[in-house]
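Make a model of the complete structure from these sequences and hints.
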Amino acid sequence: MKIKHIIRLFTHIAIYTCIVISLYLIYSPLNKDPMNGSSSSVQFVYQQF
Amino acid sequence: MLPFSSFDFFIIMAVFVIIMSLSKLLCKTRPNYFKYILFILNAIFLTLVFPKPIHFILFILYSYIATYLLTDIFKIKNKIWGIIILILPMLFVKFDIRFSSYPFILNDIISFAGLSYASFRIVGYFMDKIPNEKMADGVTYFNFLAFTPTILIGPIDRYSRFKISQEEGFSAINCETFLSGWIFLVKGIVFKYIIAELISRYWLDISLSSIPKIISSISEMYAYYAYLFFDFGGYSLMALGIGKMLGMRVPINFKNPFTSVNPQDFWRKFHISLGDWLKDYFFTPLYMFFSRQKKLKKHPMFRQNISLIITFLLMGCWNGFQSNYIISGLLFGIYSAIHNTYIIQCKKKGKDVVFGNLNPKIVKGISIFIMINAVSFSLYIFSGRFQL
Numbered sequence: 004m005k006i007k008h009i010i011r012l013f014t015h016i017a018i019y020t021c022i023v024i025s026l027y028l029i030y031s032p033l034n035k036d037p038m039n040g041s042s043s044s045v046q047f048v049y050q051q052f
Numbered sequence: 061m062l063p064f065s066s067f068d069f070f071i072i073m074a075v076f077v078i079i080m081s082l083s084k085l086l087c088k089t090r091p092n093y094f095k096y097i098l099f100i101l102n103a104i105f106l107t108l109v110f111p112k113p114i115h116f117i118l119f120i121l122y123s124y125i126a127t128y129l130l131t132d133i134f135k136i137k138n139k140i141w142g143i144i145i146l147i148l149p150m151l152f153v154k155f156d157i158r159f160s161s162y163p164f165i166l167n168d169i170i171s172f173a174g175l176s177y178a179s180f181r182i183v184g185y186f187m188d189k190i191p192n193e194k195m196a197d198g199v200t201y202f203n204f205l206a207f208t209p210t211i212l213i214g215p216i217d218r219y220s221r222f223k224i225s226q227e228e229g230f231s232a233i234n235c236e237t238f239l240s241g242w243i244f245l246v247k248g249i250v251f252k253y254i255i256a257e258l259i260s261r262y263w264l265d266i267s268l269s270s271i272p273k274i275i276s277s278i279s280e281m282y283a284y285y286a287y288l289f290f291d292f293g294g295y296s297l298m299a300l301g302i303g304k305m306l307g308m309r310v311p312i313n314f315k316n317p318f319t320s321v322n323p324q325d326f327w328r329k330f331h332i333s334l335g336d337w338l339k340d341y342f343f344t345p346l347y348m349f350f351s352r353q354k355k356l357k358k359h360p361m362f363r364q365n366i367s368l369i370i371t372f373l374l375m376g377c378w379n380g381f382q383s384n385y386i387i388s389g390l391l392f393g394i395y396s397a398i399h400n401t402y403i404i405q406c407k408k409k410g411k412d413v414v415f416g417n418l419n420p421k422i423v424k425g426i427s428i429f430i431m432i433n434a435v436s437f438s439l440y441i442f443s444g445r446f447q448l
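Protein chains in written order, with my numbering: chain A, 4 to 52; chain B, 61 to 448.
Among the hints, erroneous ones may be present.
Derived DEER-like restraints, expressed as beta-carbon distance ranges [said to hold, decoys possible]: (1) A:Y27 <-> B:R328: 31 to 39 Å; (2) B:L268 <-> A:H8: 42 to 50 Å; (3) A:I18 <-> B:L268: 32 to 40 Å; (4) A:P32 <-> B:I403: 48 to 56 Å; (5) B:L118 <-> A:I16: 47 to 55 Å; (6) B:I275 <-> A:F13: 40 to 48 Å; (7) B:I71 <-> A:P32: 20 to 28 Å; (8) A:I16 <-> B:N316: 23 to 31 Å; (9) A:I18 <-> B:I274: 36 to 44 Å; (10) A:I16 <-> B:F152: 48 to 56 Å; (11) B:F152 <-> A:F13: 52 to 60 Å; (12) B:L268 <-> A:F13: 39 to 47 Å.
I should point out that these hints are in silico values taken from the structure, not numbers from a laboratory.
Just so we're clear, the structure is a prediction, and the values are computed from it rather than from any experiment.
We put the beta carbon where it would ideally sit given N, CA and C, even for glycine.
Rendered as structure tokens:
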């Protein structure tokens with residue numbers, strides 16, 4: 004059971020790390036976009052629709 | 061700020077979840093306080109963060125007073141008039157889109173974000189309300205319409221279900237629901253902010269000038285279906301997750317629609333709350349109406365098909381009166397009518413009139429393939445990107 008829990012913990016850490024890195028890679032370049040007048044890159048994407 | 065439109069929204073929601081959890085500790089002996097605390101949080105978001113709060117509050121008051129007058133004072137029997145009165149603000153806004161060349165400022169006065177979903181919810185409440193049944197209490201009614209995670213894009217909740225969930229009170233706030241809500245939230249974030257965004261950037265919005273137009277259009281068609289599912293499904297999952305963390309159950313709105321085998325199955329998996337709403341409050345009354353017509357009594361299949369087509373046409377018009385929405389709704393109606401005819405013919409003849417004795421697994425595969433293409437095409441028209 005213990006090994007199972009440790010594997011689960013590391014799997015979760017890996018998944019969440021991937022999510023955070025993906026979000027960073029997707030949205031951080033938008034902060035430098037000259038068209039971005041908002042304070043948030045998510046809001047910038049949202050405004051384009 | 062609109063819900064889910066910026067990182068700040070998630071910070072506000074985190075604060076709300078903390079307040080709700082602390083309230084559970086402080087109000088152990090007063091479980092009824094749950095709805096009042098929820099009311100305060102919803103009111104804070106609506107008045108301080110949401111755009112056009114006065115409009116939304118006035119609309120809530122209008123719908124509450126109108127429902128009360130229609131059901132308890134005038135006791136109207138023909139509910140159609142009641143529905144028209146309740147959706148009047150939405151009709152003004154939708155018609156104004158069509159006649160945008162008119163110097164008409166009524167649209168600016170009436171319209172606000174979330175008007176359509178709020179209208180659908182109040183119609184549901186009005187239709188479900190039994191004559192002489194006590195009106196909903198103001199606090200629950202406000203929470204029902206202005207519940208922060210679902211205020212903008214649904215799901216289209218039912219008052220009775222919302223009330224039951226609210227009555228569970230603080231007992232619904234625990235580690236189990238928090239973790240369950242967290243998983244939904246993370247899944248929603250991945251759907252909306254990663255997958256949908258990647259589809260949008262690297263599939264949907266890229267220009268494929270080097271390849272023939274027909275192929276680029278087909279690619280765009282599939283991309284839009286995938287984008288819409290992950291974007292809208294992501295929103296719904298996040299609303300569900302945050303709702304759970306706040307102690308409220310929000311109905312599931314999407315269940316892997318790519319595996320749908322027929323139009324009926326599709327609306328059980330894609331925007332479920334809208335499909336259920338249309339079935340209960342439009343298709344069924346319409347079918348009953350046609351059933352009462354003497355000329356149509358001997359044509360049950362025609363009654364069903366015409367009701368299906370009108371229902372989906374209404375769904376198209378709900379998005380606006382532009383031709384792309386209307387044609388898209390009509391197409392969904394035609395798909396459903398074709399499938400309905402196929403089912404009835406199979407029942408009549410006691411065999412599968414299209415696939416015969418073909419292996420069920422192959423039939424399922426072909427059905428999924430047909431549905432993906434039919435739905436993608438209809439949604440592609442809906443998107444307004446389709447060009448002949």
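Unsatisfied constraints (hint numbers, rising): none
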